[in-house]
Amino acid sequence: MAETVVMPDIEREEKTGSKSDLEPAWLVICWNDPVNLMTYVTHVFQTVFGWNKQKAEFHMLQIHRQGKSVLARTTMEQAEHYVHQLQKYTLHATMEREL
Amino acid sequence: MKLIRANKSGHVFHLGQREKQLLLETLKLYPLVPASHHHLSKRGKGPNADENQRLLEEALAEQRQDNRRQVLAMLNEPQRFRATKSGFELRLTPAQVEWLLQVLNDVRVGSWLALGQPEQGEEPELTKQNVKYCLGMELCGLFESALLAALGVSESPRWAGD
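Protein chains in written order, with the working numbering: chain A, 38 to 136; chain B, 3 to 164.
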């Protein structure tokens, strides 16, 4: 049976997350730590971002297979908030300014 | 650790005598991840980078203190575990489940760091000094899985082979 591929919803977050087009964008990135359970990472993404299971799984698998995933593109303040929330759950998350 | 029932107000788990003891011993290891482990950025230096890093560490330290208070409450309040014929019942609100997941994963990641960050499938050499971290890492994984299963998060067949 064919699988439905769920693509990350970065585009929509770009439009709703920025205060203005001039404001620099920050990327919230989660990096692979082999110690974290796949179910745990999926749950944290659902809790922190309010994503559905499919989207949370997509990003979890991207991290697992490619070493990292961009979870959001947003303002500096919002990126700091997300990074703090993810680190509260001991995930390896950082924010990087978009080049 | 098995889910007995769940409703809007929370979850009730059954634990055997030994399971309860192992859970409490594991919680005593908290916190294990050093404050310096987390960084805001990999690239490092941006404007106010040092200040932002300091604020992050302060916020995480505050969170850790709050978690530690709750750990101590669980360790020091035996009534949290209601004795039954076959063991104990532990009642957790949804917020307490989230808190327990955070605490357990801190111990799991901290144990992994203490073991030298072994890759998946790599088994660190056991010594008298590190055996508690090996146990801590495995036990936290088991308790986390039980909590996540109670929340309806389970491994998908799509992850097979990963």
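Treat the hints loosely; a few may be bogus.
To be verified - A few chain A residues facing chain B, derived, Cβ under 7 Å: (1) P71; (2) L74; (3) Y119.
If you're looking for bench data, these hints aren't it; they were derived computationally from the structure.
Here a beta-carbon is modelled for each residue, glycine too, at the ideal position from N, C-alpha and C.
Do the hints match the structure? See the list:
A hinted interface residue such as A/P71 counts as satisfied when its beta carbon comes closer than 7 Å to some beta carbon of chain B; here the least separation is about 4 Å, so the hint holds. Proximity of A/L74 to chain B holds as hinted, the smallest CB-CB distance being about 6 Å (cut-off 7 Å). Contact between A/Y119 and chain B, as hinted, is not supported at the beta carbon level, the nearest pair being about 11 Å apart and thus beyond 7 Å.
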